[in-house]
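Those sequence lines, one after another, are chains Y, A, S and D. The first sequence begins at 1 in full-length UniProt numbering and counts up one residue at a time. The second sequence begins at 1 in full-length UniProt numbering and counts up one residue at a time. The third sequence begins at 1 in full-length UniProt numbering and counts up one residue at a time. The fourth sequence begins at 1 in full-length UniProt numbering and counts up one residue at a time.
Hints in this document: simulated from the structure, not taken from any laboratory. Be a bit skeptical, because a hint or two may be false.
It does not matter which identical chain is meant; a pair holds if it fits inside one copy or across any two.
Below, simulated DSSO-like cross-link-like pairs (lysine-lysine); rule was C-alpha separation at most 27 angstroms, straight line [to be verified]: (1) K337 - K53; (2) K5 - K337; (3) K83 - K140; (4) K222 - K300; (5) K186 - K222; (6) K78 - K42; (7) K186 - K83; (8) K248 - K222; (9) K5 - K140; (10) K32 - K337; (11) K110 - K300; (12) K32 - K258; (13) K111 - K254; (14) K53 - K258; (15) K337 - K3; (16) K186 - K46; (17) K89 - K140; (18) K58 - K274; (19) K125 - K274; (20) K139 - K53; (21) K3 - K89; (22) K254 - K58; (23) K258 - K42.
Protein chains: 4
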Amino acid sequence: MEKLKVSIVGASGYTGGELLRLLLFHPNAEVKQVTSESYTGKFVYKVHPNLRKATQLKFSSVSELEECDVLFLCLPHKSSQNKIDDFMKLAPKIIDLSADFRLKDGAEYKKWYGHDHARPDLLDKFVYGIPELHREEMKKANYISSAGCNATASILGLYPLYKEGLVEEDRTVIEVKVGSSEGGNKANEGSHHPERSNVVRSYMPTRHRHTAEIIQELSFGKNITVHFSATAIDLVRGLLATCHLFLKENLEEKDIWKIYRKYYSDEPFIRIVKENEGIYRFPEPKLLAGTNYCDIGFKKDELSNRLVVISAIDNLMKGAAGQALQAFNIMNGFDEKTGLEFPGLHPI
Amino acid sequence: MEKLKVSIVGASGYTGGELLRLLLFHPNAEVKQVTSESYTGKFVYKVHPNLRKATQLKFSSVSELEECDVLFLCLPHKSSQNKIDDFMKLAPKIIDLSADFRLKDGAEYKKWYGHDHARPDLLDKFVYGIPELHREEMKKANYISSAGCNATASILGLYPLYKEGLVEEDRTVIEVKVGSSEGGNKANEGSHHPERSNVVRSYMPTRHRHTAEIIQELSFGKNITVHFSATAIDLVRGLLATCHLFLKENLEEKDIWKIYRKYYSDEPFIRIVKENEGIYRFPEPKLLAGTNYCDIGFKKDELSNRLVVISAIDNLMKGAAGQALQAFNIMNGFDEKTGLEFPGLHPI
Amino acid sequence: MEKLKVSIVGASGYTGGELLRLLLFHPNAEVKQVTSESYTGKFVYKVHPNLRKATQLKFSSVSELEECDVLFLCLPHKSSQNKIDDFMKLAPKIIDLSADFRLKDGAEYKKWYGHDHARPDLLDKFVYGIPELHREEMKKANYISSAGCNATASILGLYPLYKEGLVEEDRTVIEVKVGSSEGGNKANEGSHHPERSNVVRSYMPTRHRHTAEIIQELSFGKNITVHFSATAIDLVRGLLATCHLFLKENLEEKDIWKIYRKYYSDEPFIRIVKENEGIYRFPEPKLLAGTNYCDIGFKKDELSNRLVVISAIDNLMKGAAGQALQAFNIMNGFDEKTGLEFPGLHPI
Amino acid sequence: MEKLKVSIVGASGYTGGELLRLLLFHPNAEVKQVTSESYTGKFVYKVHPNLRKATQLKFSSVSELEECDVLFLCLPHKSSQNKIDDFMKLAPKIIDLSADFRLKDGAEYKKWYGHDHARPDLLDKFVYGIPELHREEMKKANYISSAGCNATASILGLYPLYKEGLVEEDRTVIEVKVGSSEGGNKANEGSHHPERSNVVRSYMPTRHRHTAEIIQELSFGKNITVHFSATAIDLVRGLLATCHLFLKENLEEKDIWKIYRKYYSDEPFIRIVKENEGIYRFPEPKLLAGTNYCDIGFKKDELSNRLVVISAIDNLMKGAAGQALQAFNIMNGFDEKTGLEFPGLHPI
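Please construct the entire structure, taking both the sequences and the accompanying hints into account.
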């Protein structure tokens, strides 16, 4: 079978680099171009040293982009929406990894992002990029907007319970703990190693933009509220969402097991992790580094109607590049797991 | 002035070692004996290598304990309550750092600890050991029960708002992130470095025993619920409590500032940390290593009545040995800050 | 093509687990049995949680072992030599990952290991397991003894220069920095997270047993001395060897480049890493986690005849399981890179 | 007793901040001014958040400096030598923490720093700032040049053996492992947390400038060579020097003990750490965070004349601010330990 020609716009960042790594080993894809304005003409392994000996590809400028089958956009916020017409001319299929086309409602976008969307007319052309919720749409889609990392972990952890209408609408509290790679590859005062090491840093206690995606995907016609906070910890890769939700009716853990099985038992990248013994009784992001898994566990509070749902991902994989590749596979009719088989390391 | 003679029962653990370090530099205390059954006869610096050159003290057996002015108990769970009569004969004043005498209600004790208390008759003899809430009682007390680390951070963060009756009674969610020293100095499968490094481990999503202390101290006659979870992270020392509470009335941040000032402006070990710029905008436990501070910050959610209160301590200091020494100072009429002046390191 | 039937003896440790991970994804191997006496009957993913959903295999007892094509031994020190006859009956080909059959000389074995070898008659039956030095022998071998991790990094870094006779025989100093996974999966007082975190621990300043392998492989008939030290750092996976050697003649860096190219330009798992700019100018073990690469760099001291050679590996991969699989591929005529294509993650 | 008035030039960096922390708690010093051009007019606790509640001092510009008793210079390389006349007018005593006045020989300075010294006439006015070697000179000195961190650990580890003439002159190899705070407080691409975490980075395998100080202090009239390398590890604070030296005569460990005792038994900040059992058998920098100790241990190789000397410090304390304060105490006739009593934390 002929390989699909794919290109990555904005490939010098962490998400772009991760996507490139995956695509270089994908049997049905041929990486044609990868762009970076800062590194045009340089070998990609100078920026992504894990790709030494894996490729002799060099960065191009976005102005040099040629037509391809699928175009991945890994650009900074607002760049995709401003240049989307150019990109649509270059490729029939686009997967955007930025936040630009995640929200379906321009007013919500403005509420959370603080400015008008440049192309609200296109918002409904993009399928929201979590396959476990939108697989059938993806199969027919030309445009996919990859989900945020915090949103992915939260939504996948909570989806079955919200879909079943079991959750009190205004009480859910989500606390995400996340590593430093989420902040991208630009050094700043706060990312300086002596200041960033050993931190437990409340970097976004309220008003995190990913909240909007979570609400969008979990509402199902209801008016829901989600109370979201994010804390940065001393980790490079990995994200754990601890979700405290309150059940409308009295469910036991075996009932909850059944619900998760109903939704996820056939999902290749979801694992329910809930052990009674051992060290890894609940999801643990370090086991997921480099994998596309979302591990989900839960614990019912015996003293109240609270259910704690724990959800872990690699923020650069299931939270970004891996999930984008999963969408790519679905969109193009490949086995969904292609190029995403790496099981993770232990210990790490 | 003559120094008080003090001894520490159970001084080979992390809490006992930290307390010993503090007492060795306390101008009004003379450490008479420190006990350890496993290390009887050995130099304490063999177990606490930071005390090399600081002391030539050796461990004694508990059976060799002599009378002293103040006895500190740093024993495993249930040991204090079982041997309390013996200890009371040895010293007129006791500070217990275990959980044995924290709860005032034997029924609550049984609910959370799963067994009957050995000496419920003594529960009301002990003052609960957070000075900011019980300073006046401490001045007259002979027996103090030092508070749990998770409870200290949570209670201090929430106290002014609960005391003022501003918090919805059943909605507060507390998420504590904590380092490995909280688990004590005994190696186990889960504390093995390759398994414990890089973790974001939900070790107690529900039913943490410290919840009982938090409820006890924040109830003020009302029936309140607190939804508590604890997550272990890759840190040795330090604890951050992220408390999500829901305000009964619409308060702005400046109103909340006033309330915290009212309660804490004269407190030597509480700092309100809430900056608009810079890296350290909210409390950060790494800055507190070795200090007795509890740093508290907050952020009001503009989109709901949620207030996020962030509270940081060193779990071995304000969460254990430091707070016990603060109580010791109060109990004996010393300046409360004596021996607790270390300001912390930056960077670390 | 029919798959080879392989079994792993001692598969509950880190090396055995890593090997199992690799073999599960190897297209020419079928994992038949994996043994563990402590976990007999349990799912392997209970011990190796990264293998959840990857396999439903359970541990067997060594007494249940059946015949297979290739047997991997991941046993503690001395176990292989004591039971080697049993294992030889079970499989025509054996790859031993312990230190038991690495040294060719029983006297040297006794000098470094402190006891007589149980089966000195077999020492010359095993090929020393570094393919870059012994590939041709491996192609014909039935028995391979996988090299030590510290030895692998040191030998590969130094081999071309010693082979060319360029190094002063008695002056080389090797300083290895290594992560905690090297110590295996058994928790002990020294591996307890609060004690093992943040360390720079001189755990073996002299007399490290791997020194014997290094001397054996680099002697080429001469009488050489290697001054080896090992320091444990706060890392789980990864090893960096800094080798200080003294050149017999005045070579410039371009001459040294040529020598490394001569030996390694066709090697699939060796990369010469020596950049003039950027962050990753020299080999960096964190980029190698999960890969089979050995990255080698060097720097000539302008002020003396010292050459600093820097060599990095993942101690569980090129330092253990990966290199064993590479040997397996060679021994069985497969493409040497099969199952070892993972390029590593960045950032991590 | 009246307090000495002291000021710090360049107090916004890590060394300046650490020195300020120490001076604020020094009973014989009053901090008059601290300068920073970037932060003039701002509270120092905005930059050094550990000093919240400890001081209300604000940064001044260097142009606002007033006369004082002792002036500390914590400026970037070359600034001290260029402005030294101005500083000498402001204070009769100066302690310079930069590298500007460490070397006694202008030619050596040029060899290692690559440019002519601006004021070679002043090089012999400064006492090299390691008290253990130059205490008597310090007592009479007006100008002290504080030693480099790598040099301090190396020199203190090796001094007794070199002074006794026991070391082969051209063979010593020193490998220093160091944390990120050594690089200062300016963020750069290489200090970005995702890139700097988990590293074992050979950042200076040859030609480290501190080599010149080591040679200067250990020569004792002989022509010696020291082979120095530095590796950055994932640690914020702390430095371990592993020194491999070769003895001219056959000494046993008990002989070496005697030599170290002869030189260091009365030293308040040197501890010989060499245990036969336990976890902390050799010096460990993490135990020294915040302390002024230099811990020294050693191990004789039974198979050769190599002696491995292991030396640990906190690079910001004994490697910078602490040692400068020790010099300040000596220079001014105070008890040498004043303000430096902090024993360090365990665990950390």
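Structure-based check of each hint:
no.	hint	result
1	K337 - K53	both (25 angstroms within a copy, 13 angstroms between copies)
2	K5 - K337	both (19 angstroms within a copy, 26 angstroms between copies)
3	K83 - K140	within (23 angstroms within a copy, 60 angstroms between copies)
4	K222 - K300	both (24 angstroms within a copy, 25 angstroms between copies)
5	K186 - K222	neither (39 angstroms within a copy, 49 angstroms between copies)
6	K78 - K42	within (26 angstroms within a copy, 35 angstroms between copies)
7	K186 - K83	within (23 angstroms within a copy, 35 angstroms between copies)
8	K248 - K222	both (14 angstroms within a copy, 24 angstroms between copies)
9	K5 - K140	within (19 angstroms within a copy, 43 angstroms between copies)
10	K32 - K337	both (22 angstroms within a copy, 25 angstroms between copies)
11	K110 - K300	between (37 angstroms within a copy, 20 angstroms between copies)
12	K32 - K258	neither (45 angstroms within a copy, 33 angstroms between copies)
13	K111 - K254	between (39 angstroms within a copy, 24 angstroms between copies)
14	K53 - K258	between (47 angstroms within a copy, 18 angstroms between copies)
15	K337 - K3	both (17 angstroms within a copy, 23 angstroms between copies)
16	K186 - K46	both (16 angstroms within a copy, 23 angstroms between copies)
17	K89 - K140	within (19 angstroms within a copy, 57 angstroms between copies)
18	K58 - K274	between (45 angstroms within a copy, 19 angstroms between copies)
19	K125 - K274	neither (38 angstroms within a copy, 42 angstroms between copies)
20	K139 - K53	between (34 angstroms within a copy, 25 angstroms between copies)
21	K3 - K89	within (20 angstroms within a copy, 48 angstroms between copies)
22	K254 - K58	between (53 angstroms within a copy, 25 angstroms between copies)
23	K258 - K42	between (52 angstroms within a copy, 24 angstroms between copies)
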